[in-house]
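**Student:** Numbering (my numbering), first residue to last: 142 to 469.
Some hints could be false.
List time: in silico DSS-like cross-link candidates among lysine-lysine, alpha-carbon distance up to 27 Å [unchecked claim]:
1) K422 with K257
2) K432 with K312
3) K312 with K257
The calculated label-pair distances, taken between Cβ atoms and stated as ranges, are [stated by the list, open to error]:
4) Q350 with E316: 23 to 29 Å
5) K336 with F166: 49 to 55 Å
6) D430 with E171: 36 to 42 Å
7) L345 with K221: 49 to 55 Å
8) G459 with K347: 16 to 22 Å
9) N451 with S402: 44 to 50 Å
10) D411 with T165: 32 to 38 Å
11) N332 with T260: 18 to 24 Å
12) G314 with K468: 29 to 35 Å
13) S402 with T198: 40 to 46 Å
14) T260 with D155: 38 to 44 Å
15) E327 with G218: 50 to 56 Å
16) D167 with E289: 54 to 60 Å
17) D155 with Q460: 25 to 31 Å
Hints in this document: simulated from the structure, not taken from any laboratory. C-beta atoms are modelled at their ideal positions from N, C-alpha and C, and glycine is treated no differently.
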Amino acid sequence: MQHFKAFVLDKRNDQLIREVKELTFDDLPEGEVTVKVAYSSVNYKDGFVIMKGAMATQFPLIPGIDLAGTVIESRDGRFKEGDPVIVTSYELGTGHHGGYSEVARVPAKWVVPLPKGLTLRESMILGTAGFTAALSIQRLEENGLNPEKGPVLVAGATGGVGSIAVDSLAKKGYEVVASTGKSDQEHYLKNLGAKNIIHREDLLDKEGQIFREERWAGAIDPVGGQTLQYILSTLKYGGSVATSGMAGGGEVATTVFPFISRAINWLGIDSVHCPMDIRQKVWQRLAGDLKPEHLNEEIVNEIPLDNISNVSNRILQGQVKGRTLVKL
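Can you build the whole structure from these sequences, using the hints too?
**Tutor:** This is the structure we're talking about:
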C-alpha cells in the first residue's frame, strides 16, 4: 500500500492538533480524480482554518484550499494519467481533504486543466489569491473599467490578492495606487508597478462621510469594513469596487446616495463557487494578459509542510507579504 505525507489538522478535547503525518490511499476521500500534488499555497483563509479551526466542517482534515499537480488516476474521461491540473476553492481544505498532502483525491467537477502558459509552480504562486485578483479585474472591466478611465486603488496591497492585482493591473497599463499599512514595503509595491502608495489609515472612513472627492475609476478590495466605506465615498462617477474579503471587518455602514448619485457599482467576488465556465476563462487570462510580470520574483516565499503552522499564524497577523508556496 502506498504511503505519503500530509499536514493534518485534528481536534481533541477542544484543542486543535497540527502535525505532519504519514497516510495511505485509504485515508483519501471519495472523488474521481487522484492527483500527485506538486505545490499548494497558504492563503488568509487557510490561516483561519489552521489556527482557529474556522470554516473546517470535519476533523481530521487535510487543509489547503489550493493544489496543483499531475493526475495519477482518473475515473472521469476528461482527465487521464499524466495530465497537469489545478484545483482551488469549493470545499477543498475545509470540508474535503485539501492541498497540504503529497497525494489528493477530488471530484472531477472541481478540476481545471493547467492552461498553456503556466507551470504547476506558477499556478500555485497564483492560487486562489491570484484567481480572486483576476476575477476582480475581469468583473471591473465588464463594468466599464479601462486604463483611460483613471487610477485604480488596490487595498491590502501587500497581501496575496493585492500583490497580484497590483502587478496584473500595471502590466495592462492601469495607473495603480496601492494601499498598505506596511511603510517598509513601498519599494516592493513600486517594483510590482504601483505608481503611488497610500497608508491604509488614510483610507478609513471614521466619520461616516457619504461623499468625498471623486478619486478612483475602480478599486480592488480584499479588506472590507471602514476601508470599503471610504472607497464607496470616493469612487468616480460610474466607477466600481470589487470586494473579495473582510480582513478589515465584515460590517459596512453606507447609504444609497453614492449609488444613485454617482452611479457606482459594488461588485461581490466569490472564488469558492464561481461557475466552471467563468473559472476556466479566468485561469486562461492568468496564463495570458493577466499573468503578473513578477510571478517568480519578489512575491514568492517557498516553504515545506512542517512550516505551515508558523506561516498561517503570521498571515493572520498581517506579517506575510506576497504569496507563500508549499512545495510537496
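**Student:** Hint by hint, say whether it matches the structure.
**Tutor:** Here is how each hint holds up against the structure:
no.: 1; hint: K422 with K257; result: 13 Å, holds
no.: 2; hint: K432 with K312; result: 8 Å, holds
no.: 3; hint: K312 with K257; result: 19 Å, holds
no.: 4; hint: Q350 with E316: 23 to 29 Å; result: 24 Å, holds
no.: 5; hint: K336 with F166: 49 to 55 Å; result: 51 Å, holds
no.: 6; hint: D430 with E171: 36 to 42 Å; result: 37 Å, holds
no.: 7; hint: L345 with K221: 49 to 55 Å; result: 52 Å, holds
no.: 8; hint: G459 with K347: 16 to 22 Å; result: 20 Å, holds
no.: 9; hint: N451 with S402: 44 to 50 Å; result: 48 Å, holds
no.: 10; hint: D411 with T165: 32 to 38 Å; result: 35 Å, holds
no.: 11; hint: N332 with T260: 18 to 24 Å; result: 22 Å, holds
no.: 12; hint: G314 with K468: 29 to 35 Å; result: 34 Å, holds
no.: 13; hint: S402 with T198: 40 to 46 Å; result: 43 Å, holds
no.: 14; hint: T260 with D155: 38 to 44 Å; result: 42 Å, holds
no.: 15; hint: E327 with G218: 50 to 56 Å; result: 51 Å, holds
no.: 16; hint: D167 with E289: 54 to 60 Å; result: 58 Å, holds
no.: 17; hint: D155 with Q460: 25 to 31 Å; result: 27 Å, holds
When held up to the earlier numbered hints, the structure conflicts with none and fits them all.
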